[in-house]
Amino acid sequence: MLAWTIYISFFGVLALLLLPKGHPGAARVLALLTAIAGLAVTLAGFVEQRSGELVTVARVPWVPSLGLEYHLAADGISMTLLLLTGIVAVCGILFSWNIEHRAKEFFAFYLALIGGVYGVFLSFDLLLLFIFYEIAIIPKYFLIAIWGSTRREYAAMKLALYSFIGSAMVLIGMVAAYVVSGAKTMDLVELSRFPFPVHFQMWVFPLVFVGFGILAGLWPFHTWAPTGHVAAPTAASMLLAGVVMKLGAYGCLRVAMALFPRGLDPWGFHVIGFGSWRDVFALLALIGIVYGALAALVQKDFKFVIGYSSVSHMGFVLLGLMTLQQIGLDGAVLQMFSHGILAGLLFAVVGRMVYDRTHTRELSELEGMRLSKALPFAAVTFVLAGMASIGLPGFSGFVAELQVLIGAWHAFPMFAVGAGVGIVVGVAYTWRAMQKAFFGGAKDAPPNMAEETAAAAGHDASHAAGHPLPPITLPERIAAIILVATSVLIGLYPQLLLRIIIPALQSPMFDGLRKGGGL
Amino acid sequence: MTALGFPQLLHLVLPEVIVVVAALCVLAADLVFMRAAETRIRGAVGAVISVAGCAVAIGWMLHAPQYANVLDGMLVLTPLSQLVQIALLVLTILTILISLGSSFTEHMGEYLALILLATASMMFLVGTQNLLMIFLSLELLSLSLYILAAFNKRSAVSAEAGLKYFLFGGMSAAFLLFGFSLLYGWSNSTNLAGIAQSIHGKLLNPALNPVLDPLLVVAILMTVVGLGFKVAAVPFHFWAPDVYQGAPAPSAGFIASGSKVAAFFILYQVMVLGLAGAEGSGAWHAYAPGWVPVLALAAALSMVLGNLVAIRQTSVRRLLAYSAIAHAGYMLLGILSHTQQSLAALLYYAITYALTVLGAFGVVALVEQEAGGDKLSDFAGLSHRAPVLSFCMLIFMLSLAGIPPLAGFFGKFYLFSAVLAATPGSLGLLWLVVLAIAMSAVSLYYYLQVLKRIYVADAPEGAGPISVPFLRQAVLGLIALSVVLLGCAPDLLLRWLQQAIQTAGY
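First to last, the sequence lines map onto chains L and Y.
First residue of the first sequence? That's 13 in the working numbering, and the numbers climb one at a time after it.
First residue of the second sequence? That's 654 in the working numbering, and the numbers climb one at a time after it.
Everything labelled a hint here was simulated from the structure, so no lab data went into it.
It is possible that part of the hints are untrue.
What the hints assert, rightly or not - Which chain Y residues face chain L? A few, computed with CB under 10 Å, are given here:
1. 937
2. 997
3. 1065
4. 1066
5. 1148
Said to hold, decoys possible - Result set (DSS-like, lysine-lysine): computed pairs, CA atoms no more than 30 Å apart in a straight line:
6. Y:1028 to Y:817
7. L:33 to Y:1028
8. L:170 to L:312
9. L:448 to L:312
10. L:170 to Y:1105
11. Y:1105 to Y:1028
12. Y:817 to L:170
13. Y:806 to Y:1028
14. Y:817 to Y:806
15. L:33 to Y:1105
16. L:385 to L:312
17. L:448 to L:385
What you are looking at is a predicted structure, and each value in this text was computed from that prediction instead of being measured.
Quick reminder that beta carbons are idealized off the backbone N, C-alpha and C, glycines included.
Make the full structure from the sequences, and use the hints.
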């Protein structure tokens, strides 16, 4: 039944394409209904999924002569991410209720992206997974290039090329694995049982890991992320940060680590302290955490703050993966879910609630607008989302990052300390952004900027007098409440997801990782 | 060799005869009955006759397939050659339908007859394994194509394209003939199988001959030069951009599609069947002299140069030309890995590529008629002016870039895995595959440049919707649909190819 998530999305695309021109309202409703139907199917699947084991959804021969199958299945990890996709998809549409320009095409690309993402999480045939993975690239390009803002064409092309280069690396590894196994199968479960020669895994693993890692914001290949997130329209940045970056992390876990676990083995020699690819990638993840946080601390553009914070939070996912500890991996998967929800929410506040009303994202300009008075709902939402993402207990970010830190503490104690520093800087940049954007006041401004501030204040006054900012609309409120509630629910009762994530990570698919001495 | 009477021979080459007769009928009808009729009607009647001729030929081959190897390899009919001939006929039909209603000439009868003659020569080319026949049919094909390239009499660039094509083509034919004559002198046979036998006799005795005979080396090089021109591989590609840019769009599409498929098939036959035993190796650490390293070099250069130069193009036709050079590089990989599987992959790739590029030229032709040029800027805002046409172009460009689930992606995947599997246990050709995949990542950039104009840029002021003739839109839609279908269900074509290759015994 879960396969319908994919079909419904693509039917939605078709229906939108056939819709006559000039009915943005109808397009919105149609897209929303499609997304809700997808979410409903996912929820039903989630309820049925009791144990987190692998459940086959569809399995038919596709190209028999090459041993390719149309194999859709879901285990606990897939289910968690499907749920995330469903929720973010619905909320993204609610947050783009104000799209009027070429609305039909906007939602068609949007749903095509969603369909591709559902497909990746459901595919258990490597080629099929790759196909859905690439299907997601093109809609991203158009969503940013047509409906984006700051330097949209540059950002869209950069994003498309980074994604495509990443998938080219994956393709090389995939074709090589297909040929070397000689088993004429692309089935992920069967390939994970195949003992690839260790020297082969040693070069294919980093290739595929980096290929997927590019999309997960792996430092130093993360540079597409901030520019892409900033340029994208709100719904697209929600999807990019919320879901698409998870595609990368999911690929790292499901393909790179599950198929080529021996690639994580020690090399047998040390180069400046590195003894294995595991050390290398753990360090890159750590650099991502700290660098992303530090970069977020000095941004002048509100959206860039969130963009860099995504790099930082995705660093936790990658660090969790590299711990090879059960608890670290659990944390990594949970962090994928948690960050998906929270990044979506943060981008919605910045891009939709604030930018679409004030038409500026400069923190220095926002400072004079007293948005906490003008847009109290946005301020409250941002405070909640910010608290959740810096890891306040009670929200999902806390349980996820705590588990990653515990795992890291077992695996690389020094790195855990570094990641802790990253969290502290995270508090700082969230605090700074919150204060500047929502709770700034004219008197905080330095004296030499008094004139500008006065001008800004005048601007503000005109808002207050003649043109008050439009109030937060109902769709925005609903979507924000859904996202906050999800984060709180998982924060208070993480077992809801962990009960399916843990068995999935203990399944035979990840046996190789376990034998490698990790888990 | 059994004695063969003319009636039997005529029976064996009936499909070719049908096509030639159709060409003559088109000419006659145009000359005798329709001197006074409108251009549009003359074109339509000619097209109906030509399409009917091709369809009858296809029907005949499907209905009564015949297999033969007669006259010292002059005529070799196998399931595979017939399959390729059918593909060529389908491509011809599509070319004819695309050219319908174009305004570059009033002499549609002659134009169509030339296309049919070129098709007949391609069918002969595919159905032979004899050097003489290969050369003759290549010449017939080239002569028809030169005229097709120069057919727009009112355009100087078209004449330039024809002349350049002719000069380069004549030169390369000389090389080819020289190479063939050396091969004949060396092996005393014009039959590919005979040449292979004599190579087998002379070369495979390691005590006698540790390296290749210099005479054979020269012969191989000359042959590669001659055929490399036909497939537009670097460094024999110089004609391609000018011809693609100057020739009438249907001619350019035909040169890029049908003639490419035939040329690659014959390159495969000459190299793999004729020069069997002189392969050498292009593997990374196991280099050995032979024709494989020569092709490997040409492939690598084509992929790099084609993709990098395409980035700088502002004319969509030139962009397609450089992308064709790049694709020729990928397809050469299918030849140099010379296994059954790689032949299937090569043909799948070549046929789907031909379909896609033909469709792309169909769109270019329509845009040119409306916007007056093929510059990238002429495509600005096309999605508002002609949504269906734009959507077709989206599919063609993405398929060329190798984005799934389109045919171009599956072709690449299958080709690359076949190339890797060709050297079992060592992944010796991995360097070429890595290069190819890296370069196809580069290619996305310039294909997106076209799509960016179509979907992102705004239409110029005052540009209204483009009215596309129904038939041409339907044909383009059909091609786009088949590109999607072949990508989603590659088995439709693949199973057929694999069976044919197996029964043909390659």
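Verification of the supplied hints:
1. Because the closest C-beta pair between residue 937 (chain Y) and chain L is about 13 Å apart, greater than 10 Å, the hint is violated.
2. Residue-level restraint check for residue 997 (chain Y) holds (minimum Cβ-Cβ distance to chain L is 9 Å; threshold 10 Å).
3. Proximity of residue 1065 (chain Y) to chain L holds as hinted, the smallest CB-CB distance being about 8 Å (cut-off 10 Å).
4. Taking 10 Å as the C-beta contact cut-off toward chain L, the hint placing residue 1066 (chain Y) at the interface holds, the least distance being around 7 Å.
5. Checking residue 1148 (chain Y) against chain L: minimum C-beta separation of about 6 Å stays under 10 Å; hint holds.
6. Straight-line distance between C-alpha atoms of residue 1028 (chain Y) and residue 817 (chain Y) comes to about 22 Å, which keeps the hinted pair within the 30 Å bound.
7. Taken as a hint, the residue 33 (chain L) and residue 1028 (chain Y) pair is honoured in the structure, with Cα atoms around 28 Å apart against an allowance of 30 Å.
8. Of the pairs offered as hints, the one joining residue 170 (chain L) and residue 312 (chain L) holds, with about 22 Å between alpha carbons and a cut-off of 30 Å not exceeded.
9. Simply put, residue 448 (chain L) and residue 312 (chain L) have alpha-carbon atoms about 10 Å apart, close enough for the 30 Å limit, and the pair holds.
10. For the hint pairing residue 170 (chain L) with residue 1105 (chain Y), the CA-to-CA distance comes to about 13 Å; that is within 30 Å, so the pair holds.
11. The suggested pairing of residue 1105 (chain Y) with residue 1028 (chain Y) holds, with an alpha-carbon distance near 13 Å, which does not exceed 30 Å.
12. This hinted pair does not check out: residue 817 (chain Y) and residue 170 (chain L) have alpha carbons roughly 38 Å apart, beyond 30 Å.
13. Of the supplied pair hints, the one linking residue 806 (chain Y) and residue 1028 (chain Y) holds, its CA atoms being roughly 22 Å apart against a limit of 30 Å.
14. Only pairs whose Cα atoms come within 30 Å are accepted, and residue 817 (chain Y) paired with residue 806 (chain Y) is accepted, the gap being roughly 15 Å.
15. With a C-alpha separation of about 21 Å, the suggested pairing of residue 33 (chain L) with residue 1105 (chain Y) holds against the 30 Å cut-off.
16. Taking the CA atoms of residue 385 (chain L) and residue 312 (chain L), the gap is near 22 Å; set against the 30 Å cutoff, the hint holds.
17. In summary, the hint linking residue 448 (chain L) to residue 385 (chain L) is supported, as the alpha carbons are separated by about 13 Å, within the 30 Å threshold.
Violated hints for the displayed structure, listed by number in ascending order: 1 and 12.
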